[in-house]
Amino acid sequence: MTTTLPRATRGLDIDRRKVIVGGLLAGSVASFLSAIGMVETFDERMIIDPILSLGYAALVWIPVLFGYRVSQRVALEGMEAPRVGAGNVLAGALVGAIGGGMLGLFAVLVDAVNVRNVLLNVTPALVDLLSFHQPVAVGALLLVAVGAALGALGGVAHLFNPRVKSAIVSGVAWILLFSFTELVFGDIFDDLGMLSVDRLIYAADRGLTLGAALVIFGGAALGSLRFKGRASGAVARFQAMPEEKRRSRAFYFAAAVMLAGLLLPSVFGSYLNEVLATVGLFMLMGIGLNVVVGFAGLLDLGYVAFFAVGAYTTAVLTSPLSPNIAPEMAFFEALPFVLLMAALAGLVVGTPVIRMRGDYLAIVTLAFGEIARLLFQADWLKGTFGGAQGILRIGKGSIHTYFGYVVVASGVVALLVGFLRWREGRRLDRIGGPARLPGNSTPGLGITIMAGGLGAIVFGLLFPSFATWTVTGIDSEAVFRMVMVFVAIAAFVSWRLQDSRVGRAWMAMREDEQVAESMGINVVTAKLLAFVIGAMLASLGGALFAVKIGTIFPASFKIVQSIIILVIVIVGGMGSLRGVAIGALVLIGILGGPTQTGLLREFQEYKLLLYGVILVYMMLQRPEGLLPSARRSRELHQEEFLQDAWIKTQEGAAAVAEVAAEEAEEER
Amino acid sequence: MPLLEISGLAKQFGGLKALGGVDFTIDEGEIVSVIGPNGAGKTTFFNTISGMYPPDSGVILFEGEDIAGLTPDRIAKRGISRTYQNVRLFPNMTVLENVMVAQHCRTSRGVFSALFQTPAFLREEEEIRQRGKEVLGFFGTRLTGYRFDQPAFVLSYANRRRLEIARAMAAQPRLLLLDEPTAGMNPRETRELTGLIGKLRSERGFTVVVIEHDMRVVRDVSDRVVVLDHGVKIAEGTYEEVSSNDDVITAYLGRPAGEGSS
Ligand SMILES: Nc1ncnc2c1ncn2[C@@H]1O[C@H](COP(=O)(O)OP(=O)(O)OP(=O)(O)O)[C@@H](O)[C@H]1O
Ligand SMILES: [Mg+2]
Numbered sequence: 001m002t003t004t005l006p007r008a009t010r011g012l013d014i015d016r017r018k019v020i021v022g023g024l025l026a027g028s029v030a031s032f033l034s035a036i037g038m039v040e041t042f043d044e045r046m047i048i049d050p051i052l053s054l055g056y057a058a059l060v061w062i063p064v065l066f067g068y069r070v071s072q073r074v075a076l077e078g079m080e081a082p083r084v085g086a087g088n089v090l091a092g093a094l095v096g097a098i099g100g101g102m103l104g105l106f107a108v109l110v111d112a113v114n115v116r117n118v119l120l121n122v123t124p125a126l127v128d129l130l131s132f133h134q135p136v137a138v139g140a141l142l143l144v145a146v147g148a149a150l151g152a153l154g155g156v157a158h159l160f161n162p163r164v165k166s167a168i169v170s171g172v173a174w175i176l177l178f179s180f181t182e183l184v185f186g187d188i189f190d191d192l193g194m195l196s197v198d199r200l201i202y203a204a205d206r207g208l209t210l211g212a213a214l215v216i217f218g219g220a221a222l223g224s225l226r227f228k229g230r231a232s233g234a235v236a237r238f239q240a241m242p243e244e245k246r247r248s249r250a251f252y253f254a255a256a257v258m259l260a261g262l263l264l265p266s267v268f269g270s271y272l273n274e275v276l277a278t279v280g281l282f283m284l285m286g287i288g289l290n291v292v293v294g295f296a297g298l299l300d301l302g303y304v305a306f307f308a309v310g311a312y313t314t315a316v317l318t319s320p321l322s323p324n325i326a327p328e329m330a331f332f333e334a335l336p337f338v339l340l341m342a343a344l345a346g347l348v349v350g351t352p353v354i355r356m357r358g359d360y361l362a363i364v365t366l367a368f369g370e371i372a373r374l375l376f377q378a379d380w381l382k383g384t385f386g387g388a389q390g391i392l393r394i395g396k397g398s399i400h401t402y403f404g405y406v407v408v409a410s411g412v413v414a415l416l417v418g419f420l421r422w423r424e425g426r427r428l429d430r431i432g433g434p435a436r437l438p439g440n441s442t443p444g445l446g447i448t449i450m451a452g453g454l455g456a457i458v459f460g461l462l463f464p465s466f467a468t469w470t471v472t473g474i475d476s477e478a479v480f481r482m483v484m485v486f487v488a489i490a491a492f493v494s495w496r497l498q499d500s501r502v503g504r505a506w507m508a509m510r511e512d513e514q515v516a517e518s519m520g521i522n523v524v525t526a527k528l529l530a531f532v533i534g535a536m537l538a539s540l541g542g543a544l545f546a547v548k549i550g551t552i553f554p555a556s557f558k559i560v561q562s563i564i565i566l567v568i569v570i571v572g573g574m575g576s577l578r579g580v581a582i583g584a585l586v587l588i589g590i591l592g593g594p595t596q597t598g599l600l601r602e603f604q605e606y607k608l609l610l611y612g613v614i615l616v617y618m619m620l621q622r623p624e625g626l627l628p629s630a631r632r633s634r635e636l637h638q639e640e641f642l643q644d645a646w647i648k649t650q651e652g653a654a655a656v657a658e659v660a661a662e663e664a665e666e667e668r
Numbered sequence: 001m002p003l004l005e006i007s008g009l010a011k012q013f014g015g016l017k018a019l020g021g022v023d024f025t026i027d028e029g030e031i032v033s034v035i036g037p038n039g040a041g042k043t044t045f046f047n048t049i050s051g052m053y054p055p056d057s058g059v060i061l062f063e064g065e066d067i068a069g070l071t072p073d074r075i076a077k078r079g080i081s082r083t084y085q086n087v088r089l090f091p092n093m094t095v096l097e098n099v100m101v102a103q104h105c106r107t108s109r110g111v112f113s114a115l116f117q118t119p120a121f122l123r124e125e126e127e128i129r130q131r132g133k134e135v136l137g138f139f140g141t142r143l144t145g146y147r148f149d150q151p152a153f154v155l156s157y158a159n160r161r162r163l164e165i166a167r168a169m170a171a172q173p174r175l176l177l178l179d180e181p182t183a184g185m186n187p188r189e190t191r192e193l194t195g196l197i198g199k200l201r202s203e204r205g206f207t208v209v210v211i212e213h214d215m216r217v218v219r220d221v222s223d224r225v226v227v228l229d230h231g232v233k234i235a236e237g238t239y240e241e242v243s244s245n246d247d248v249i250t251a252y253l254g255r256p257a258g259e260g261s262s
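Chains R and P, in that order, are what the protein sequence lines are. For the first sequence, the working numbering begins at 1 and goes up steadily by one. For the second sequence, the working numbering begins at 1 and goes up steadily by one.
No lab work stands behind these hints: they were computed from the structure. One thing to keep in mind: the hints can contain errors.
[Claimed, not checked] The calculated lysine to aspartate or glutamate pairs, modelled on EDC-like cross-linking and capped at a C-alpha distance of 20 Å, are:
id: 1; chain 1: R; residue 1: K382; chain 2: R; residue 2: E333
id: 2; chain 1: P; residue 1: K133; chain 2: R; residue 2: D499
id: 3; chain 1: R; residue 1: K558; chain 2: R; residue 2: D499
id: 4; chain 1: P; residue 1: K77; chain 2: R; residue 2: E605
id: 5; chain 1: R; residue 1: K245; chain 2: P; residue 2: E5
id: 6; chain 1: P; residue 1: K77; chain 2: P; residue 2: E127
id: 7; chain 1: R; residue 1: K245; chain 2: R; residue 2: D499
id: 8; chain 1: P; residue 1: K199; chain 2: P; residue 2: E134
id: 9; chain 1: P; residue 1: K17; chain 2: P; residue 2: D27
id: 10; chain 1: P; residue 1: K199; chain 2: P; residue 2: D223
id: 11; chain 1: R; residue 1: K558; chain 2: R; residue 2: D379
id: 12; chain 1: P; residue 1: K199; chain 2: P; residue 2: E189
id: 13; chain 1: P; residue 1: K77; chain 2: P; residue 2: E189
id: 14; chain 1: P; residue 1: K17; chain 2: P; residue 2: E30
id: 15; chain 1: P; residue 1: K77; chain 2: R; residue 2: D512
id: 16; chain 1: R; residue 1: K245; chain 2: P; residue 2: E134
id: 17; chain 1: R; residue 1: K245; chain 2: P; residue 2: D223
id: 18; chain 1: R; residue 1: K382; chain 2: R; residue 2: E370
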């Protein structure tokens with residue numbers, strides 16, 4: 001058998017098979033989105049006032065993307081780079097035309113045959129929409145033409161250099177962002193009394209005005225051209241910093257975010273606050289699950305159980321309407337009990353599964369999640385948990401007084417810690433010399449901490465007099481603030497644990513449980529600890545959820561919650577705090593939680609579909625997640641890492657040369 | 001009192017007698033080699049001592065106390081540490097992290113001190129780091145410097161073996177069990193490691209049991225040699241005694257024709 005040479009890429013010679021497959025795929029995706037009613041639902045929402053609705057936008061990207069991908073030619077190393085030109089454009093146009101034709105065919109077919117009893121969403125209105133309000137036959141032809149044009153656009157993209165390409169992409173992204181956040185900015189401008197600005201940008205709740213869209217596109221594109229690479233440069237510089245400096249930078253950054261989080265809600269307006277509170281809630285649970293899955297490597301699919309325990313404990317302890325036991329505690333009084341119950345639940349779930357691994361663990365925990373929900377729903381516990389009716393009138397989380405106490409208490413702790421640091425620093429100063437290492441205490445550090453503690457005490461004592469934050473579902477601002485505080489606590493806990501003896505033990509256990517055990521790690525304690533800490537963090541989420549909603553039912557604690565939290569962790573980047581934060585922002589912020597809306601309210605119905613698509617895409621293209629921890633990306637790309645990562649760095653190259661020289665020396 | 005005193009150690013896998021009542025002792029400061037043909041039960045011997053499998057029967061006295069059937073982490077804590085025939089590092093942890101995590105059972109700071117980073121916590125972390133670096137220094141510059149922060153999987157095969165020994169040392173045991181430490185090494189690396197095994201005793205004060213196939217290594221390092229075959233001890237003594245023992249030669253070369261089958 002002779003080896004076939006790679007297909008020549010001269011002139012207009014295009015890969016016919018790829019084009020046909022791509023076109024059919026594009027057509028299928030478009031028809032599918034139409035058939036499930038997405039196009040029609042989304043048509044309600046305008047992106048740019050007279051010309052583009054979200055409905056059409058849901059279709060427009062398809063020929064562009066497929067046109068782009070199909071006409072892409074892979075440059076193989078060591079081979080002549082494929083020439084870009086008319087061939088790309090033609091391939092793109094063909095893909096678009098095939099896709100458009102298929103969608104047109106779909107429109108004609110559903111117009112002729114009534115399939116509404118099977119596909120509910122295929123309405124005459126949809127057909128009308130797809131054929132641009134023309135007769136179907138004309139519409140179908142139009143679709144072919146439009147598809148071809150858009151596909152060609154995708155092909156043309158190859159002619160631009162990467163900078164221009166990314167400028168265009170960022171222009172489009174900013175237009176989408178502005179139009180999606182119409183309600184948010186509307187609220188903010190309202191709060192700031194700048195309705196006229198609102199009028200200028202948005203066409204009265206119907207998307208961006210054409211002018212605003214052009215300005216935004218231009219601005220974003222210019223910005224991208226001008227500042228491209230700056231951000232990644234900053235990131236690179238940050239990563240090049242010494243460990244100590246990096247840590248303190250990260251800490252200040254987190255502190256700034258926190259401060260902004262405490263101040264901004266008053267500007268944000270209720271809608272954004274609501275969305276962000278949901279984001280925070282899921283971020284909190286993502287951080288907790290990340291401890292269990294990302295750090296300790298225990299795939300827990302029943303995580304929602306701990307969320308439920310937190311919510312129900314809060315409900316029972318605070319609501320006057322909880323059937324049997326109704327101590328009517330205040331939220332903060334109930335909180336220690338919530339944590340205690342969660343820790344117990346963690347032990348109860350963790351103990352039987354200690355010796356299980358991988359798939360078995362996942363299946364058993366999945367069952368535990370369901371069992372928890374069924375228990376809360378069961379009739380024989382109705383006396384305590386209210387059965388299917390749930391518990392109403394959950395106590396308000398009035399935090400003005402308690403929060404003050406908490407702040408004072410942490411101030412006292414800080415004073416104490418600061419004093420210890422100060423003393424330790426003095427001791428080390430006296431010993432001097434090599435005993436002084438980075439990470440060690442210094443007297444200055446001690447004094448700083450003590451000063452912080454004093455500040456906190458004063459702030460905490462004064463707090464009740466100037467702030468009255470009462471958390472109920474109504475005051476979205478207060479809810480969001482409170483969620484922020486809890487997220488900060490969770491992030492702090494997991495950040496500190498990661499680089500400690502406990503964190504290392506988890507890591508080792510995730511790598512090789514048997515060896516970890518032979519190296520002296522008690523895997524039973526390590527696993528239970530992971531479960532307990534994960535459970536406690538989830539229960540905080542549950543408690544907040546309960547006061548936020550004010551009423552809880554067993555139906556709020558379905559498996560899908562566990563799955564969505566897990567998807568956040570996976571999409572964001574397992575084992576990475578930043579990743580979980582980004583994952584929650586992107587998924588929950590834009591698409592919304594299982595029952596809560598995100599910025600894109602229209603996506604409500606299609607959320608799970610999109611979650612699935614995103615998950616599959618990530619698994620294929622970027623299994624380490626959006627912002628992975630260094631460790632995880634190494635793990636998933638061991639080979640590439642082996643090949644180049646080290647040699648690329650300067651000292652790496654030097655070290656390699658050095659070792660080679662050494663080896664040559666020894667050889668002689 | 002011997003450091004480790006084993007009597008009647010037996011382990012069976014289904015119908016297969018991997019260990020059929022082995023007696024074994026080692027004194028503080030000795031280096032003893034365990035040899036035997038493939039499948040003789042040498043690794044199983046280590047696995048039962050280190051607690052990976054509980055033995056079916058037999059007594060394992062370590063410092064006079066029976067450790068048979070304890071969990072591996074308990075045994076590690078008592079002072080027995082091991083390496084594996086098929087190197088088993090924590091591949092995605094860095095070289096330094098590998099030796100740091102091995103000190104788990106010698107350290108004690110838990111969740112709360114980690115959360116508040118108490119002085120005691122910071123001091124202990126620093127000690128762990130220093131001891132880790134010190135242990136890695138046992139192999140010259142092979143595992144130090146820029147290597148500290150490399151993930152273990154990038155190491156060459158020989159370096160992985162070295163790191164595994166360093167990890168076992170970092171647990172600060174009294175008894176080291178090395179399972180074929182020179183397997184897969186080239187002659188030069190083997191020679192170097194042979195010297196280092198001697199130093200494990202002379203410089204670090206470890207007592208060492210080593211499973212080894214390379215007879216030169218066995219000759220050079222061991223005070224005493226124990227030969228296993230089909231799960232039973234068939235000979236014991238100095239290298240010279242054992243290498244001239246008829247049973248041992250038969251075990252390695254097979255029975256001469258005419259003396260019965262298999
Ligand atoms: N976990 C196990 N399950 C079943 N059989 C096992 C197990 N471990 C070891 N064996 C069997 O026990 C016997 C002894 O194995 P062991 O690994 O101890 O031999 P060895 O002396 O270390 O051999 P080698 O020189 O090849 O390393 C072999 O026949 C092996 O197949
Ligand atoms: Mg073996």
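Hints versus structure:
At most 20 Å may separate the alpha-carbon atoms for a hinted pair to count; R:K382 and R:E333 exceed this at roughly 24 Å. Between the alpha carbons of P:K133 and R:D499 the distance comes to roughly 17 Å, so the proposed pair stays at or under 20 Å and holds. Between the alpha carbons of R:K558 and R:D499 the distance comes to roughly 33 Å, so the proposed pair goes past 20 Å and is violated. Our distance criterion of 20 Å between C-alpha atoms is broken by P:K77 and R:E605, whose separation comes to about 56 Å.
The straight-line distance between the Cα atoms of R:K245 and P:E5 is roughly 53 Å, outside the 20 Å bound, and the hint therefore fails. Proximity of P:K77 to P:E127 is assessed by CA-CA distance (about 18 Å); at most 20 Å being required, the pair is judged to hold. A hinted pair counts as satisfied when its Cα atoms are at most 20 Å apart, and R:K245 with R:D499 qualifies at roughly 16 Å. Pair hint P:K199 plus P:E134 holds up; C-alpha atoms about 15 Å apart against a cutoff of 20 Å.
At most 20 Å may separate the alpha-carbon atoms for a hinted pair to count; P:K17 and P:D27 exceed this at roughly 27 Å. Taking the CA atoms of P:K199 and P:D223, the gap is near 14 Å; set against the 20 Å cutoff, the hint holds. As the CA atoms of R:K558 and R:D379 are separated by approximately 18 Å, the hinted pair is consistent with the 20 Å bound. A distance of roughly 15 Å separates the Cα atoms of P:K199 and P:E189; the hinted pair therefore holds under the 20 Å criterion.
A C-alpha spacing of about 31 Å is found between P:K77 and P:E189, which places the hinted pair above 20 Å, so the restraint is violated. About 28 Å separates the Cα atoms of P:K17 and P:E30, which puts this hinted pair outside 20 Å; it is violated. For the suggested pair P:K77 and R:D512, the alpha carbons sit about 18 Å apart, so the restraint of at most 20 Å is met. For the proposed pair R:K245 and P:E134, the alpha carbon gap of about 25 Å is over 20 Å, so the pair is violated.
Only pairs whose Cα atoms come within 20 Å are accepted, and R:K245 paired with P:D223 is rejected, the gap being roughly 52 Å. Under the criterion of a C-alpha separation no larger than 20 Å, the hint pairing R:K382 with R:E370 is consistent with the structure, at around 17 Å.
The structure does not agree with the numbered hints 1, 3, 4, 5, 9, 13, 14, 16 and 17 stated previously, though it agrees with the rest.
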